[in-house]
Amino acid sequence: MELKELFSESNIELNLDVDGKDEILLALINLLKLGDKAKEMLFKMLKKRENLGSTGIGKGFAIPHCRSLVVDKLNVAFARHPNGVDFNSIDGKPAHFFFLIVAPPVEISNFYLPVLGKVAQFCKTPEIVSKLVSLKTVDDFLELLDKASA
Amino acid sequence: MQESQLRLLMFLQDLLSLKKEIQDFQVVEKYEEMGFAFDRKEIIEDSIKEVTEKLDKELYKRFLQLSQKYDRPLAPVKNGVCYGCFVSTPKGSKLVTQYKDVIEFCNHCGRILYRAG
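Residue numbers (my numbering), protein chains in the order written: chain H, 1 to 150; chain V, 1 to 117.
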């Protein structure tokens, strides 16, 4: 599965304007089409996952992820925070780009780890940071995903 | 009370799945290759304890009994079917008809039922 196929206008936010790690997680969760109880539980689960080790992989990227019973299929979201937020990243620098990846405990297609791997690889693409900074529209982001995976 | 008990059970199963995942050396290696760090793995136990202490004792006992039998004691209900054993749930199920968070067991396999979402 190509990354571009997973994203659409509804799960992308290019001008996130919240402060704090919790607020970032909540904003990302809000990009998913889930009920209130599911959102609440997902937030708790993502926090527990973050407690085991930050998903801030450095160079401005964070990829919060978990498996949870509250979803019945793979869900993703992307957000860009122009000013950056402290996410306890491994390099100690603020995170600007956030990918959320959530999957049910069992998936027939088993996309979770491969998608997580593709997103991590995308974050390592040369000059990706400057390209993400200069994005103006959701379509620009989708095009970038397409080019990076080509 | 029952609503939060079902959510607690779901949360417990998620935490136990995460624990199993981070105990798998090969999976952790994949995560580390992607750039993720697990420097505080041991605190998963505290999270599990925190949830189990809030659970009704009889319900937790049932959960543990089911855990002996099945890898995942909770199963989703979709279109009135238990996705643990793929047998239809009773028509009067509040979980199915009213979207309520109630503790219901599959009549066939005994798993605790939940709705995703």
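Source of the hints: derived by calculation from the structure; they are not laboratory data. Mixed in with the good hints, there may be bad ones.
[Unchecked claim] Quick list of simulated restraints, FRET-style, between CB atoms:
hint, chain 1, residue 1, chain 2, residue 2, range
1, H, LYS131, V, LYS69, 47 to 53 angstroms
2, H, VAL129, V, ASP71, 39 to 45 angstroms
3, V, LYS78, H, ASP22, 54 to 60 angstroms
[Unchecked claim] Selected chain V positions facing chain H (Cβ under 7 angstroms, derived; list incomplete):
hint, residue
4, ASP14
5, LEU16
6, GLY35
7, PHE38
8, ASP39
9, ARG40
10, ILE43
11, GLY80
12, ALA116
[Unchecked claim] Calculated pairs, DSS-like style, for lysine-lysine (alpha carbon to alpha carbon, straight line, at most 27 angstroms):
hint, chain 1, residue 1, chain 2, residue 2
13, H, LYS59, V, LYS30
14, V, LYS30, H, LYS118
15, V, LYS41, H, LYS59
16, H, LYS39, V, LYS41
17, V, LYS78, H, LYS21
18, V, LYS57, H, LYS73
19, V, LYS57, H, LYS33
20, H, LYS118, V, LYS69
21, H, LYS93, H, LYS44
22, H, LYS147, V, LYS69
23, H, LYS39, V, LYS69
24, H, LYS33, V, LYS41
25, V, LYS20, H, LYS44
26, H, LYS93, V, LYS41
27, V, LYS57, H, LYS44
28, H, LYS124, V, LYS78
29, H, LYS21, V, LYS57
30, V, LYS57, H, LYS37
31, H, LYS147, V, LYS54
32, V, LYS19, H, LYS73
33, V, LYS49, H, LYS39
34, V, LYS30, H, LYS4
35, V, LYS49, H, LYS47
36, V, LYS20, H, LYS147
37, H, LYS44, V, LYS78
38, H, LYS93, V, LYS61
39, V, LYS57, H, LYS124
40, V, LYS54, H, LYS37
A virtual CB, placed ideally from N, CA and C, is assigned to each residue, including glycine.
Structure-based check of all given hints:
1. Distance hint check for LYS131 of chain H and LYS69 of chain V: the Cβ-Cβ separation is about 51 angstroms, which falls inside the suggested range of 47 to 53 angstroms.
2. Distance hint check: the CB atoms of VAL129 of chain H and ASP71 of chain V are about 41 angstroms apart, consistent with the given range 39 to 45 angstroms.
3. Under the hint 54 to 60 angstroms, the C-beta atoms of LYS78 of chain V and ASP22 of chain H, about 32 angstroms apart, miss the expected range.
4. At a threshold of 7 angstroms, the smallest CB-CB gap from ASP14 of chain V to chain H is about 5 angstroms, leaving the interface hint in force.
5. Nearest Cβ of chain H to the Cβ of LEU16 of chain V: about 10 angstroms, over the 7 angstroms cut. The hint is violated.
6. This hint holds: GLY35 of chain V has a C-beta 4 angstroms from the nearest C-beta of chain H, less than the 7 angstroms allowed.
7. The restraint placing PHE38 of chain V at the interface with chain H holds, with a minimum CB-CB distance near 4 angstroms, inside the 7 angstroms limit.
8. For ASP39 of chain V, the interface hint holds, the least distance from its beta-carbon to any beta-carbon of chain H being 5 angstroms, beneath 7 angstroms.
9. Proximity of ARG40 of chain V to chain H holds as hinted, the smallest CB-CB distance being about 5 angstroms (cut-off 7 angstroms).
10. With 7 angstroms as the threshold, the beta carbon of ILE43 of chain V comes within range of chain H, its nearest partner Cβ sitting at about 6 angstroms, so the hint holds.
11. Hint status for GLY80 of chain V: violated, given a least beta-carbon distance of 15 angstroms to chain H, over 7 angstroms.
12. With its C-beta approaching chain H no nearer than about 4 angstroms, ALA116 of chain V sits inside the 7 angstroms limit, and its interface hint holds.
13. Between the alpha carbons of LYS59 of chain H and LYS30 of chain V the distance comes to roughly 20 angstroms, so the proposed pair stays at or under 27 angstroms and holds.
14. Taking the CA atoms of LYS30 of chain V and LYS118 of chain H, the gap is near 12 angstroms; set against the 27 angstroms cutoff, the hint holds.
15. Under the criterion of a C-alpha separation no larger than 27 angstroms, the hint pairing LYS41 of chain V with LYS59 of chain H is consistent with the structure, at around 24 angstroms.
16. This hinted pair checks out: LYS39 of chain H and LYS41 of chain V have alpha carbons roughly 24 angstroms apart, not beyond 27 angstroms.
17. Only pairs whose Cα atoms come within 27 angstroms are accepted, and LYS78 of chain V paired with LYS21 of chain H is rejected, the gap being roughly 34 angstroms.
18. Restraint check for LYS57 of chain V and LYS73 of chain H: the C-alpha separation of about 32 angstroms exceeds 27 angstroms, so the hint is violated.
19. A threshold of 27 angstroms between alpha carbons decides the hint, and for LYS57 of chain V with LYS33 of chain H the separation of about 34 angstroms lies outside it, so the pair is violated.
20. In summary, the hint linking LYS118 of chain H to LYS69 of chain V is not supported, as the alpha carbons are separated by about 36 angstroms, beyond the 27 angstroms threshold.
21. Pair hint LYS93 of chain H plus LYS44 of chain H holds up; C-alpha atoms about 24 angstroms apart against a cutoff of 27 angstroms.
22. Proximity of LYS147 of chain H to LYS69 of chain V is assessed by CA-CA distance (about 47 angstroms); at most 27 angstroms being required, the pair is judged violated.
23. Proximity of LYS39 of chain H to LYS69 of chain V is assessed by CA-CA distance (about 30 angstroms); at most 27 angstroms being required, the pair is judged violated.
24. The straight-line distance between the Cα atoms of LYS33 of chain H and LYS41 of chain V is roughly 30 angstroms, outside the 27 angstroms bound, and the hint therefore fails.
25. Between the alpha carbons of LYS20 of chain V and LYS44 of chain H the distance comes to roughly 18 angstroms, so the proposed pair stays at or under 27 angstroms and holds.
26. Pair hint LYS93 of chain H plus LYS41 of chain V holds up; C-alpha atoms about 23 angstroms apart against a cutoff of 27 angstroms.
27. The hinted pair formed by LYS57 of chain V and LYS44 of chain H meets the criterion: a straight-line CA distance of about 22 angstroms does not exceed 27 angstroms.
28. At most 27 angstroms may separate the alpha-carbon atoms for a hinted pair to count; LYS124 of chain H and LYS78 of chain V exceed this at roughly 39 angstroms.
29. Restraint check: the Cα-Cα separation between LYS21 of chain H and LYS57 of chain V comes to about 34 angstroms, which exceeds 27 angstroms; the hinted pair is violated.
30. Distance restraint check for LYS57 of chain V and LYS37 of chain H: the Cα-Cα separation of roughly 23 angstroms lies within the 27 angstroms cut-off, and the hinted pair is therefore satisfied.
31. Between LYS147 of chain H and LYS54 of chain V the alpha-carbon distance is near 49 angstroms, which puts this suggested pair outside the 27 angstroms criterion.
32. The hinted pair formed by LYS19 of chain V and LYS73 of chain H meets the criterion: a straight-line CA distance of about 21 angstroms does not exceed 27 angstroms.
33. The suggested pairing of LYS49 of chain V with LYS39 of chain H holds, with an alpha-carbon distance near 22 angstroms, which does not exceed 27 angstroms.
34. As the CA atoms of LYS30 of chain V and LYS4 of chain H are separated by approximately 23 angstroms, the hinted pair is consistent with the 27 angstroms bound.
35. Proposed proximity of LYS49 of chain V and LYS47 of chain H is supported: the alpha carbons are some 16 angstroms apart, at most 27 angstroms.
36. For the hint pairing LYS20 of chain V with LYS147 of chain H, the CA-to-CA distance comes to about 36 angstroms; that exceeds 27 angstroms, so the pair is violated.
37. Simply put, LYS44 of chain H and LYS78 of chain V have alpha-carbon atoms about 24 angstroms apart, close enough for the 27 angstroms limit, and the pair holds.
38. Distance restraint check for LYS93 of chain H and LYS61 of chain V: the Cα-Cα separation of roughly 45 angstroms exceeds the 27 angstroms cut-off, and the hinted pair is therefore not satisfied.
39. Between LYS57 of chain V and LYS124 of chain H the CA atoms are separated by roughly 48 angstroms; this puts the pair beyond 27 angstroms, and the hint is violated.
40. With a C-alpha separation of about 18 angstroms, the suggested pair LYS54 of chain V and LYS37 of chain H falls inside the 27 angstroms cut-off, and the hint holds.
Of the numbered hints given earlier, the model fails hints 3, 5, 11, 17, 18, 19, 20, 22, 23, 24, 28, 29, 31, 36, 38, 39; all others are met.
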